[in-house]
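K.L.:
In case you want the letters, here they are:
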Amino acid sequence: MAQVAIQATGLNKWFGEGEARTHAVRDVSFEAYFGEMLYIVGPSGSGKTTLLSIISGILRPNSGNVKIEGTDVWNLPKDELADFRLHKIGFVFQDYHLFSRLTTAENVAIPLILRKVGWEEAMREAVGDLAVVGLKERAALAPVKLSGGEQQRVAIARAIVSRPDILILDEPTASLDGDTGRAIVSFVRKEVLTDRRCILIVTHDPRILDMANRILRMEDGRIAGAEKVAGREA
Amino acid sequence: MPEGCIEVAAVMSGLLRIAYKLLVNDRAKFAALLVGITFAVFLMIEMTSLFSGILNRSSATVINIGADMWVMDPAVQTVANVIPLPDYILDEVRSIPGVKYAVPLYSGGALVKLHDGTYQSVSIIGLDDTSLFGRPALLAGDIRDIFAENAFLAVKDSEFRKLENPTLGTDFQINDHRGVFVGIAHVATSGLFGVPTLYTTYNRALQYLPNSRFTVSYVLVEPKTPSDIASIQRQVASMGYLALTKDEFIQRISNFYKYQTGIGTNILLMTVISFIVGLSISGQTFYTFILENLEKFGALKAIGAKSRELVLMILFQATFVALTGYGLGIGLCALMIWLAKLNIPDYAAIITFANLALALAMVVVIAAVSSYIGVRKVLTIEPFDIFRG
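Residue numbers (the working numbering), protein chains in the order written: chain X, 1 to 234; chain U, 1 to 389.
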């Protein structure tokens, strides 16, 4: 049986107080495993992004806990939590959030620079990971000179450059056309997913659901169902 | 260096390099920031340098004569505002214990009739006949010739040309007396009022120029030791007069121009306006710069950057812009003053260390305020906002 990468237990998160209170996540518990690509799907407002933020150590839940490789994330002091994210979690944001004034390689190298890796070595590794995503030749270009799909791949390179165990992709196909979106997720599945890595994808794009190992469906902040994808059991 | 320090230095240098590239690669904003700060620094230093130049020139006689102590009427505010002292004051001062020697000085104005028939106002300094204390350095001529008949020294400064660029032996009329230039002198500072300065002996000044009953403009005092200064000042005060050290007299003159003429207030206002202009331009531009990168800073926080690392990046950017603009501003101001002095000999502007320090302090405030706005924004951005879009 695959090793547990993420263990979420009894997560609750609400915003506001009194009548204005909105319950975004209600009593959510689940496990994600290494070697698995787990999708969290659901309509807008179902709590996917809030759940993703709680799991990744960005948004503190009102109750419940998240363990990543056995570490209780929300028991870590603030600075240690930032370090934990830096070392264990890679992020691919919906809008990529690449610095337009830096080159592609410099964007990719940022997590390494934050991890105290020297500039030259960070650049070398960044170019190496750009080669993994097929963009080595674009290393010296600014991200704005790249297509949407290429920018997405740069964001993936930035997410994996520090070899995180957990990779989180927020709506990876939202800004891409159908073919490019599928190609990106397919690429992630083939090249980025390993036995020592767990990938969590938040999406509501039905065109890529077949590439998941498991799918958690969310409705009104709750997990309404979980299903394994035929032929892709981890 | 301890290993921990090396690690911190490594991450800092990488982060600062990122911060530097984010700043300078945004060429339009970088240029706007630099122009704002450079312009502000230029104006601040130009204003304060003009004021320093005016103050320096207003104390020209005090600086050029170089006496350690000056005895004067208590109502004297500037060196040109002479209130003659009775002759006995000189003897009384000489009799004060602690006075090594004391000599009279004449300071006044006159009209000189030049060869072309025009009159030119001049400032006359009459030096003690015995000691010639406070005599200027000569560029041409022999100082002993000052005892010759009708002898005067002309100071070769920016006003020299107003005497028709005289040479040794050139004569002129002063108060219906013949005068002859026997020396061309050099002094440290030109006067404020744009008139040439002539030196002669104290007695000749009294002979050639109309006088009131009292004739001594100032008594110049050399104390035996610096510790005698306080007792000399007390004794002179008991006589009803005022004894100031050279620095105190310069400060008194400065205070007069600063607080009693309106010049200080006007220059201060201009300097403050320059500061506000610089603060507005750079503060607004830096704020826009931070706003444009705010989501990226939020993404960095999500990735694992600590708030203090982001604050450091912003402070570095603000400091880099401020110091670069400061250097450019100083350079521009120095260039402008140099060009102005080439074309306007009377242009009074001096860049002093105090001016530079004041401008630096104001630039630091501009950088601090600009970065504070940015830091506040970056500290309040939540990584969760990045996920929410």
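No lab work stands behind these hints, which were simulated from the structure alone.
Any given hint could turn out to be false.
[To be verified] Computed beta-carbon distance windows for the label pairs:
{"#": "1", "chain 1": "U", "residue 1": "Glu292", "chain 2": "X", "residue 2": "Ser175", "range": "50 to 58 Å"}
{"#": "2", "chain 1": "U", "residue 1": "Tyr287", "chain 2": "X", "residue 2": "Thr9", "range": "16 to 24 Å"}
{"#": "3", "chain 1": "U", "residue 1": "Tyr287", "chain 2": "X", "residue 2": "Thr22", "range": "28 to 36 Å"}
{"#": "4", "chain 1": "U", "residue 1": "Thr324", "chain 2": "X", "residue 2": "Gly178", "range": "47 to 55 Å"}
{"#": "5", "chain 1": "X", "residue 1": "Glu19", "chain 2": "U", "residue 2": "Tyr287", "range": "30 to 38 Å"}
[Claimed, not checked] Calculated pairs, DSS-like style, for lysine-lysine (alpha carbon to alpha carbon, straight line, at most 27 Å):
{"#": "6", "chain 1": "U", "residue 1": "Lys306", "chain 2": "X", "residue 2": "Lys78"}
{"#": "7", "chain 1": "X", "residue 1": "Lys136", "chain 2": "U", "residue 2": "Lys246"}
{"#": "8", "chain 1": "X", "residue 1": "Lys116", "chain 2": "U", "residue 2": "Lys377"}
{"#": "9", "chain 1": "X", "residue 1": "Lys116", "chain 2": "X", "residue 2": "Lys88"}
{"#": "10", "chain 1": "U", "residue 1": "Lys377", "chain 2": "X", "residue 2": "Lys78"}
{"#": "11", "chain 1": "U", "residue 1": "Lys306", "chain 2": "X", "residue 2": "Lys116"}
{"#": "12", "chain 1": "X", "residue 1": "Lys145", "chain 2": "U", "residue 2": "Lys246"}
{"#": "13", "chain 1": "X", "residue 1": "Lys78", "chain 2": "X", "residue 2": "Lys116"}
{"#": "14", "chain 1": "X", "residue 1": "Lys88", "chain 2": "U", "residue 2": "Lys306"}
{"#": "15", "chain 1": "X", "residue 1": "Lys67", "chain 2": "U", "residue 2": "Lys306"}
{"#": "16", "chain 1": "U", "residue 1": "Lys246", "chain 2": "U", "residue 2": "Lys224"}
{"#": "17", "chain 1": "X", "residue 1": "Lys116", "chain 2": "U", "residue 2": "Lys246"}
Ideal Cβ positions, reconstructed from N, Cα and C, are used throughout, including at glycine.
K.L.:
Of all the hints numbered above, which does this structure not satisfy? Sort the numbers upward.
P.N.:
Hints 1, 2, 7, 12, 17 contradicted; others consistent.
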